[in-house]
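**Student:** Those protein sequence lines, which keep their order, are chains A and B.
The opening position of the first sequence corresponds to residue 3 in our numbering, with each subsequent residue numbered one higher.
The opening position of the second sequence corresponds to residue 15 in our numbering, with each subsequent residue numbered one higher.
Just to be clear, a hint being listed does not mean it is correct.
To give an idea of the chain A side of the interface with chain B (calculated C-beta under 7 angstroms), a few residues [as the list claims (entries may be wrong)]: (1) Arg5; (2) Leu9; (3) Ile13; (4) Leu21; (5) Leu22; (6) Thr24; (7) Tyr121.
Don't read these hints as lab results, they were simulated from the structure.
For glycine and all other residues, C-beta sits at the position ideal for the given N, C-alpha and C.
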Amino acid sequence: MRRLRWLLVPILVVPLGWLLFTGFGRDPREVASPLIGQPAPSWSFSTLAGNLLSTDDLAGRPYVVNFWASWCGPCVDEHPILTGTHETFGDELTMVGVLYQDAATDAEAFLARYGDSGYAHVLDPDGRLAIDYGVTGPPETFFVDADGIIRAKQFGPLTDAIMAERLAVIGLDG
Amino acid sequence: MIPTIGHASVVVGLALTVYAVVAFVLAARGADPRLVTSGRRAVIGSFAAAGVGCVAMTISLLAHDFSVLYVAENNASTTPPFISAISLWAALEGSILFWALLATGWAALVLWRHRDRHPALMPWVGATLASVNVFFFAVMVWPGNPFLRTAPMGTEGLGPNALLQNHPFMALHPPLLYLGYTGLAVPFAFGIAALITRRLDEEWLRIVRRWTLIPWIFLTLGIVAGAWWSYEVLGWGGYWAWDPVENAALLPWLTATAFIHSSMVAERRGGLRIWSVALVIATFVLTLVGTFLTRSGVVASVHSFTQSAIGPWFLAAILIALAGALTLLVWRLPQLIGGGRPSGTVSRESAFLFNNVLFLGLTFAILFGTLLPLLVGATSGDTISVGAPWFNTVTAPIFIALLFLMGVGPALPWGTASWATVRERFTIPLLAAVLVTAAALALGLRNAGSVGTLGLAIFVGGVMVDEVRRGALARARSRDEDPATAFWRLTTRNRRRYGGYTVHLGVLVMAVAVAVSSGLAIDRTVTVEPGETARIGAYEITHQRLVVEPLADDARVIETRAEITYAGPQSGSLGTALRDYPNSPTAIATPAVRTSLAEDLYVTLLASDPETGAVTLHVFVNPLVVWIWIGGAIVGIGSAFAIWPERRARPVTLEQPQAVGAPSTEGA
Chain A
3 MRRLRWLLVP ILVVPLGWLL FTGFGRDPRE VASPLIGQPA PSWSFSTLAG NLLSTDDLAG
63 RPYVVNFWAS WCGPCVDEHP ILTGTHETFG DELTMVGVLY QDAATDAEAF LARYGDSGYA
123 HVLDPDGRLA IDYGVTGPPE TFFVDADGII RAKQFGPLTD AIMAERLAVI GLDG
Chain B
15 MIPTIGHASV VVGLALTVYA VVAFVLAARG ADPRLVTSGR RAVIGSFAAA GVGCVAMTIS
75 LLAHDFSVLY VAENNASTTP PFISAISLWA ALEGSILFWA LLATGWAALV LWRHRDRHPA
135 LMPWVGATLA SVNVFFFAVM VWPGNPFLRT APMGTEGLGP NALLQNHPFM ALHPPLLYLG
195 YTGLAVPFAF GIAALITRRL DEEWLRIVRR WTLIPWIFLT LGIVAGAWWS YEVLGWGGYW
255 AWDPVENAAL LPWLTATAFI HSSMVAERRG GLRIWSVALV IATFVLTLVG TFLTRSGVVA
315 SVHSFTQSAI GPWFLAAILI ALAGALTLLV WRLPQLIGGG RPSGTVSRES AFLFNNVLFL
375 GLTFAILFGT LLPLLVGATS GDTISVGAPW FNTVTAPIFI ALLFLMGVGP ALPWGTASWA
435 TVRERFTIPL LAAVLVTAAA LALGLRNAGS VGTLGLAIFV GGVMVDEVRR GALARARSRD
495 EDPATAFWRL TTRNRRRYGG YTVHLGVLVM AVAVAVSSGL AIDRTVTVEP GETARIGAYE
555 ITHQRLVVEP LADDARVIET RAEITYAGPQ SGSLGTALRD YPNSPTAIAT PAVRTSLAED
615 LYVTLLASDP ETGAVTLHVF VNPLVVWIWI GGAIVGIGSA FAIWPERRAR PVTLEQPQAV
675 GAPSTEGA
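Chain A with its partners taken away, still in its complex shape (with noise of 0.2 angstroms):
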């Protein structure tokens, strides 16, 4: 009996740091998208060069689009991870970046600061694809298939691991 009494230090400790433990890596304010398995938004913008870019230019590839701003911290850290999906895919997978709530000018000093990603970036310049899509604040990224249904959602900045994670789901291996 007198031995027990030892036992309450792990029953107390134990399970609460379980608990908090497992909030690490979750976010709180992440929730599914409804936009899952539905086909995604068309769109027709320019881009930051000045071109028109569509979804009809997109159809029959896999891509991917990021909403991201200047002044969002996280993109910062996503920028490479970006740049360098870009780079191993090449013409199997279009990227595009959706500038959210930001001017053109701070975009293209962000662009020169961390590198030039080598993709376009279109302006939303009322945030209409950026409701289409229900982004609540960047960054958020979207997968979508060749056949033009979203696949898979990332609500804050991607790591490698989840870049690859949700590529497969839309049939890209690295």
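With the hints as your guide, set chain B onto chain A.
**Tutor:** Just chain B now, kept in the frame of chain A:
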């Protein structure tokens, strides 16, 4: 240069606190006693080091030195000096620096104040406090370095968090809260010292009484100031949302309040030793859990800072503190058992114990509700949130029971109460409560919560007033003083008791204000064209015009403002706005609040149409809200009165030689 000095001071602070831990432990284990002095000086030095760090950060913010990442992320070249200065605690790394300043300050103060006393306890108190501070400095040296540089250096920063820049309360709420949080490490340190040295009698309880009450006052005022800030800034018309971080501040407050009450019983009648130690441990661990919840981003909240690498460090600290303290507690269990004198079922002791049970019940309920989203997330992977209705339903009955005990407990005698005493003390207040409740019902007040709380408050207040009245009259009779003098002397010579009554009075005022303001508030959403008038309660609100312009003191911020005139119990004009900050994806509401003693008129702008000038307004008429803040102030005043040093027996004079040795009124 200045950031380098700041970083160096943090490293020096870490070295000093590590040294202090070693010195105190060696001294406690019988090495050279001069090590205690040396350790104390190292702690005072760590306080100075944290001070230098805070000054360096403040200068960097004021100078907009964007080579420092923290400055670049929380400041812009247009940020006004006041906002720059308070940005020290506006985000993660800076707030830890500020935190370290306060934590080392408490440690230095305690060690200095008791430098010549309690030679057995103090080395362990010093070692415990210094260990806590080692953690904060280590966080700043490794995962949460506030002076981290950016390369290449940007020419403009992101600017401060939009929510933090539109109210001066931001200068008040976090420092008060942090002072409370950090100060609650002191009773924990004494509890640990008492456990280690086996000095588990009443000595440590007497010392920590004041060291618990002072941080408790700061924590109380910090929580009230936070509620006030949320009311004035967030624009949803309320002041308490059961947000995880509000709960995180409330949890240690509840256990600290329970300890303040139970320690009185333990001091006076012995016993409750396990309970007292467990409460100070729980309080301290809950302050760490609260910090963890705010700083690690594991729960969604207005307060949660971005996810960062310091989460695991905090988790480790929580587990080490909890496991260490519990191990010590279990080890000393045989010495902790027993020692109390028995007492009757209806007595002040039993009221205090019941009070503790209720406080603990509240703590568990709120902790459960706060951690439930984590538990569900961990087991099923779903994301849920536990909302205000759940918390209100679960906690309201406990709060009401506590309110009742608050009136009954202090009026009961220690030991055992007779029926005659009970009848004598409670009959008149009970009658008064019944009369007031009947009058409120007759006047047409139908909200059950409001009426019930009002009646209860009258009962409790009546018991208290009657108690003070009888005490003053008894003193006036026996000492031949006039009643006013008797009242003054009675209260100033029993500061603990009457300060406590004043705190209870403040709580009563807050309870009534909360019940009435939540039960009888009117709230409506209206859309009005320019020149159009809407009626809400007794008010007529007229929309004059819509203005869109940059802010005078920061042109990057665009304000969309509805200019309104209002007439009714109060009349005048107000502007309520939505502000677009360049670094915030959503516009920030700037509600207009017009306060009177009877009610607040609270107007928030929800939407506007720049073409027609039409606006959609959310208008609240919130009765008695100002009394919540007044009640908070009464609590502050009462607790300050309670800890004010009690005057010793009056100096002997020739006219009054009999004053010496006159029976003290202590414990009346």
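**Student:** Of all the hints numbered above, which does this structure not satisfy? Sort the numbers upward.
**Tutor:** 1, 2, 3 and 7
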